[in-house]
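Chains Y and P supply the protein sequences, listed in that same order.
Residues 1 to 427 (my numbering) are what the first sequence spells out, left to right.
Residues 1001 to 1123 (my numbering) are what the second sequence spells out, left to right.
If you are wondering where the hints come from, they were derived from the structure by calculation, not from laboratory data.
Each hint should be verified, as a subset may be incorrect.
To be verified - What follows is a set of in silico ranges between Cβ atoms, one per label pair, in the way DEER data are often shown:
| id | chain 1 | residue 1 | chain 2 | residue 2 | range |
| --- | --- | --- | --- | --- | --- |
| 1 | P | K1036 | Y | Y195 | 19 to 27 Å |
| 2 | Y | K226 | P | K1003 | 46 to 54 Å |
| 3 | P | P1094 | Y | D209 | 19 to 27 Å |
Computed from a prediction, not measured in an experiment: that's the story for all the values here.
Just so you know, even glycine gets a beta-carbon here, dropped at the ideal spot from N, CA and C.
Read off the chains here:
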Amino acid sequence: MNRTKIAVIGGGPAGLAAAIEAKKAGTDSILVLERDRCLGGILNQCIHNGFGLHTFKEELTGPEYAQRFIDQAQELEIPCRLGTMVMSIAMAEDGSGDKIVTYLNREEGLVQLRAEAVILAMGCRERPRGALSIPGFRPAGIYTAGTAQKLVNINGFMPGRSVVILGSGDIGLIMARRMTLEGAKVQVVAELMPYSGGLKRNIVQCLDDFGIPLKLSHTVVDIEGKERVKAVTIARVDERSKPIPGTEERYECDTLLLSCGLLPENELTSALGAVISPVTRGPEVNESLETSVPGVFACGNVLHVHDLVDFVSQEAGQAGRNAARYVQGAAAKSSEGDIRVTAENGVRYTVPEIINPARMEDTVTLRFRVGAVYQNIYESVYLNGERILHRKKKIAAPGEMETIVLKKESFEQVKDLKSITVRLEEE
Amino acid sequence: MEKRELTCIGCPMGCQITVTLENGEVKSVEGNTCMKGDKYARAEVTNPVRVVTSSVPVRDGEIDQVSVKTAGDIPKGCIFDVMEALRGISLQAPVHIGDVVLADVCGTGVDITATKNVERKIV
Ligand SMILES: Cc1cc2nc3c(=O)[nH]c(=O)nc-3n(C[C@H](O)[C@H](O)[C@H](O)COP(=O)(O)OP(=O)(O)OC[C@H]3O[C@@H](n4cnc5c(N)ncnc54)[C@H](O)[C@@H]3O)c2cc1C
Ligand code: SF4
């Protein structure tokens, strides 16, 4: 059977950064498996600029950002198999703790690969339209925003001329501008929530610049057209997201784009038996970004949906370093002293979900999202009920991931640690 | 006197800023929470600029389109002129990041450059 020390599943920004850092940390045998014909993942279709401000101190487009990591991976001579679909990951039956990665490609056929550690970096996918309860027929002309992005930017094909967009996530906003620039008329963006999940910059530069109205607390209530979309009707919704009769507005159009959120792609992870968080829909991980299956690490959008690729690269680098430590036998294996982080009072979740101070590096980065828009709020962290961090935020919103860095020292000062709590507080 | 309403993009607060202009000169900036907003609003009403990104067809490449951008800021008012200038352009593979696709687009002094590597298709 083929062998590798670390198998990386997915060659997007997460997989690349993880492989690069694992190699730099001294692991010689790494293999990246990517189902697409090229590396870079979803960044290949994100041709707008605004990537990498944190990492490179300049604004790059998605493909440029990806290329910097592809170049590094090549310089480090990290082998990547393209056009290669991973079908399953399972524990080896011999009790060695190795994992058996089964993949398929045209050159080799179906292959079983034995890996000491696996890094999950499969990214996410868009919520499909089936998951949305929009009544009416299913005519042609309904696309997810990401599919439209691929059609326009990679295939050079315009899906329509007159457009309504449901959902104001960043991909929807970016596509409103993109299609406008290509000559389409984007009539309106309807958002179910009373706030937009998109960045302010995108609302201004993708909608306001072109006079495209954003209707908050609105949803699609009817789609007309048998063969092709002919018109879409939207209506205002009440606090419980129910359409309010009498508020309907009808737009004649040939295309409806759906930008209704992303879901981590975790079929492989669930089948392996790793514990999945019901909130993030990604695997639960500890401070080393290791899942409940020892030696299996996760990073990037497969772990939890990120808005900034810079944070994906940082997180993935950490997963890579930890996987290297694991295969070098330097990682503590015992789960004694594991503490589950409690997220409460407006904090929806934290990643990692579990922290073990004994295994911690000098610091641990906690990432989380809040459940609503809060102004002048404090983010607080408690160890055994004692507040060790109290940070004022002018604003916290669900669309922007929050980050807290905690020092190992703070943990060492507490005797007999039993609880870690992250919460929002008014004062 | 002219009043202009803007949303600051400096941070997620997204302050609604009102700028008062008289004969093209900024008289007052209101609604911003911090100085970053003041600076943004003044620049935005006097000389708004943007980066434009798009993609153009490429012949004999591994893929059919290559992404491009204005290598620097261009006046906001020129966005559609830049798009018009890109229409009809097609490139021959190979194309590499930083290759100039169109020099001094619309007299802005800014070049359009490729943002992706597209190698020749091996036949
Ligand atoms: C449609 C879409 C548009 C986006 N647009 C933006 C944007 O404009 N700006 C922004 O900042 N962020 C955007 N994002 C978020 C962006 O995805 C992340 O910032 C970043 O790309 C995540 O990196 P990743 O490596 O985790 O995932 P990805 O980039 O998705 O990479 C995952 C890779 O894993 C591969 N893979 C998956 N399953 C398998 C398998 N079984 N076997 C082998 N390979 C596999 C995939 O082919 C892919 O190449 C977008 C996301 C989506 C889905
Ligand atoms: S004015 Fe200051 S606080 Fe308000 S959005 Fe701009 S940067 Fe943020």
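Comparing the hints with the structure gives:
With their beta carbons about 21 Å apart, K1036 (chain P) and Y195 (chain Y) fall inside the hinted range of 19 to 27 Å. Between K226 (chain Y) and K1003 (chain P) the Cβ separation comes to about 48 Å, which falls inside the hinted range of 46 to 54 Å. For P1094 (chain P) paired with D209 (chain Y), a C-beta distance near 34 Å fails the hint of 19 to 27 Å.
Hint 3 alone, counting from the list given before, is not met by this structure.
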